[in-house]
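Asker: Sequence:
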Amino acid sequence: MSNILPNRPRGGGATIRRSFAIVASQYNAEFVKGLVDSTRRELVALIPQCTIDLFEVPGAFEIPVLLQEVAHRGGYDAIIALGVVIEGETMHADLIGRAVTTALMDIAMRFRLPVIHEVLLVKNEDQARARTLNEEGVNRGVEAARAAVRIATAMAELKR
207 MSNILPNRPR GGGATIRRSF AIVASQYNAE FVKGLVDSTR RELVALIPQC TIDLFEVPGA
267 FEIPVLLQEV AHRGGYDAII ALGVVIEGET MHADLIGRAV TTALMDIAMR FRLPVIHEVL
327 LVKNEDQARA RTLNEEGVNR GVEAARAAVR IATAMAELKR
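With the numbering used here, letter number 37 in the sequence shown gets 243, and the count goes up by one each step, no holes.
Do not take every clue at face value.
Unchecked claim - Below are the EDC-like pairs computed for lysine to aspartate or glutamate, each with C-alpha atoms no more than 20 Å apart in a straight line:
#, residue 1, residue 2
1, Lys329, Glu295
2, Lys329, Glu363
3, Lys329, Asp259
4, Lys329, Asp312
5, Lys239, Glu349
6, Lys239, Glu268
7, Lys329, Glu275
8, Lys239, Glu262
9, Lys239, Asp312
10, Lys239, Glu293
By construction, these hints were calculated from the structure, which means they are not laboratory data. Every value quoted in this text rests on a predicted model; they were computed, and no experiment measured them.
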């Protein structure tokens, strides 16, 4: 895991309005809550007047179907997918990871909408903890928020 966090983008402060949706898995709840909380904090730090809607699904496999409905409904500058899949002794985690990744990219392309993929596939709980509950180092929720702001800004500039 890289310990280098991307630079904080310029969010535009109080004059910029952006709307974000988070679609989060309820499975591995402690770790996903860490992602959701850090994503929200960073989005608000970057764009204090942003709107953030949270949608929860049972597990990572269900993220794409709800995310697609959120994209279809419209009104968001970016959608952030958050989840944690811990590898077990079978191929299940790998299959879930591949299916979710492919579906999220398909949705982003179909709707021409930024979809930030932070559905983490990790080997164990220690890796999950390091990526989701770490307040001082790299936290993938912070990375997700920064990526969402960067791509939403770039898309808005293209539409001008």
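Asker: So, for every hint listed, does it hold in this structure?
Answerer: Comparing the hints with the structure gives:
no. : hint              : verdict
1   : Lys329 <-> Glu295 : 10 Å, holds
2   : Lys329 <-> Glu363 : 39 Å, violated
3   : Lys329 <-> Asp259 : 30 Å, violated
4   : Lys329 <-> Asp312 : 26 Å, violated
5   : Lys239 <-> Glu349 : 15 Å, holds
6   : Lys239 <-> Glu268 : 17 Å, holds
7   : Lys329 <-> Glu275 : 30 Å, violated
8   : Lys239 <-> Glu262 : 11 Å, holds
9   : Lys239 <-> Asp312 : 26 Å, violated
10  : Lys239 <-> Glu293 : 19 Å, holds
Against the hints set out earlier in the document, violations occur for numbers 2, 3, 4, 7 and 9.
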